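Novice: Given the coordinates of chain B, work out where chain G should sit on it, guided by the hints.
Residues per chain are reported as follows:
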Amino acid sequence: MKYWLNLYRANLRVAIANMLQYRFTILIWAVWGFVGPLISLAVWSAASAARGGTIVNKTTGASFAAGDFAAYFLVYMIFGHLMMSWDAFEFASRVQNGGLSPALLKPVHPIHRDAASNIAFKLTTSAMLLPVWALLFVMLKPHITLNAFSLLAIPALVLGAMLRYVLQYTLALAAFWTTRVDAINQLYNTLDSFLAGRIAPISLMPAWIAGFALYSPFRAMGSFPVELALGRVPAEQILPGFALQSVWLCVAILLLRALWTAGIKQYSSVGA
Amino acid sequence: MRYLRLLKVLYRTSIQTDMEYRADFFTRILASLLGLVATVGGLAITYGYTTSLKGWTYPQVLVLVAVYYVMDGLTEMFIAPNMRNVMTQVREGTLDFVLLKPVSAQFLASFRSMVVWRAANVLVGIGLTAYSVGRLGAHIGLTQALSFAITMAAGCAVVYSLWLVLVTLTFWFVRVDNIEQIVWQGFEAARYPIEIYPSWLRGALTYAVPVAFIITIPAQALSGRSGHMPLFVACLVGILSLTASSLFWKHGLKSYTGASS
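Chains as they are written, first to last, in the working numbering: chain B, 1 to 272; chain G, 1 to 261.
Bound-form chain B, shown alone:
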């Protein structure tokens, strides 16, 4: 345990120093996270304005007023930032140009260094973005209703972040077998935008998509913590939600281990 703590502390220190060196660049990067939720918010605000202020799903009874949309997408923006992961994009180029080789020589699995750099990114950028988030809350006037279970969003957020990280890392391993990871990443993105409730709250989606979403890993690492924070998850569904997160996390870890062992045999490093 102490070994791992020391390992992560050292890696984190290096990663944070790295991030601070490129302050402006990582900030621009982080602002990408604003674009999606704000566009979705604009679309749904326009839609709710056209419907006299409130959108109601007649089959599920879910209802969103303009302020509810603002709350949903603003919280999503922050939680989405804290759960983000970009390894799938970087890993492919590391396999292709052989950059992975030196990392393999180290006595620890490369995922730990990458995870530390992921955490460092979130720590540094969150500190920088905090005033911007606060400003957006003042400007967009979200209607936030907390309930007794809202605090449970924190563990859900941590589980969701871990799940997304491990799952994306697993996906990134596809680069061991094919150089065409674009289509795979795009498939992941498309599924994510629906099943994680990024383009619309899941309770407003057609029943068949919502049905898929409820059991998919995407909601578990997407809108589940957001809905929990805003008190939109019924009490009897909270425990199953956490169970689903944990089950998917275990599946993802097992899958990662299996694929890593197989992939590393496949890897013929360039230039080595």
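Think of the hints as simulated: they come from the structure by calculation, not from any bench.
Predicted, not measured: the structure shown is a model, and the values here were computed from it.
Using N, Cα and C, we set each Cβ at its ideal position, and we do this for glycine too.
Incorrect hints may appear among the rest.
Claimed, not checked - Result set (BS3-like, lysine-lysine): computed pairs, CA atoms no more than 30 Å apart in a straight line:
#1 54/G <-> 58/B
#2 101/G <-> 254/G
#3 58/B <-> 141/B
#4 2/B <-> 122/B
#5 58/B <-> 265/B
#6 141/B <-> 54/G
Unchecked claim - Derived DEER-like restraints, expressed as beta-carbon distance ranges:
#7 54/G <-> 59/B: 40 to 48 Å
#8 54/G <-> 1/B: 51 to 59 Å
#9 90/B <-> 201/G: 48 to 56 Å
#10 3/G <-> 254/B: 30 to 38 Å
#11 130/B <-> 173/G: 24 to 32 Å
Specialist: For chain G alone, kept in the frame of chain B given last:
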């Protein structure tokens, strides 16, 4: 004439290179279609609750998305790869070799090559255009088609100018990846009608990153939404931006220090 011949040679070599990677085309088409599913599916969900978004009906918004795809595809096919290449050349000093050639440096720098398989987005965009115009149910007359062609051409001119200005900035700042990112973020917002955004953002999307000229106005011309902008204004903006960016490039070139100095 000489430039057209040159263009033919340059593009032929590009096509020959890309033919080595034919399977890339299917990856691109697949990725492009999946991206389309996300955008159109999301809009379909929203339009399940309302018939109009700030005056845009569902088929009209589909036209907008289609124009976005075509423009994005054309940019990634003809303009962006060259411009990114110039940015590297400025940084590494290899732009010297471009400047030494006995043709216009701006021409050679901006039309050096094309990426054939990026046509996937253009094809998907054209397909969606056909489908959405069909859904509009309106008859596309000659005037409408003509004004669409003119506004599209003006839009291409604006995209090109925007990239040229971006590239020219590298003569002073060396690295502009960050500014490029900001431009892309503006572009991303343009696949939806800009009317849905708050007024300050609408202003930025019209004048700072002029996606209104690039995407909204051609889409309006095709879908028959009476644009607020007469045709000649679009033309004027296209020509002015070309001239201004070209002058800016010439001015910037003076600050280029080259490899040896």
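Novice: Now tell me, hint by hint, if it's right for this structure.
Specialist: Quick rundown of the hints versus the structure:
For the suggested pair residue 54/G and residue 58/B, the alpha carbons sit about 23 Å apart, so the restraint of at most 30 Å is met. With a C-alpha separation of about 17 Å, the suggested pair residue 101/G and residue 254/G falls inside the 30 Å cut-off, and the hint holds. With a C-alpha separation of about 26 Å, the suggested pair residue 58/B and residue 141/B falls inside the 30 Å cut-off, and the hint holds. With a C-alpha separation of about 23 Å, the suggested pairing of residue 2/B with residue 122/B holds against the 30 Å cut-off.
For a cut-off of 30 Å, the pair hint linking residue 58/B to residue 265/B is broken: about 53 Å separates their Cα positions. This hinted pair checks out: residue 141/B and residue 54/G have alpha carbons roughly 21 Å apart, not beyond 30 Å. Checking the proposed 40 to 48 Å range against residue 54/G and residue 59/B shows it is violated: the Cβ atoms sit about 27 Å from each other. Between residue 54/G and residue 1/B the beta carbon distance is about 56 Å. The supplied range of 51 to 59 Å therefore holds.
Taken as a hint, the range 48 to 56 Å is violated for the pair residue 90/B and residue 201/G, whose Cβ atoms sit roughly 31 Å apart. Judged by the Cβ atoms, the range 30 to 38 Å given for residue 3/G and residue 254/B is violated: they are separated by roughly 60 Å. At roughly 28 Å, the beta-carbon separation of residue 130/B and residue 173/G lies within the given 24 to 32 Å, and the hint holds.
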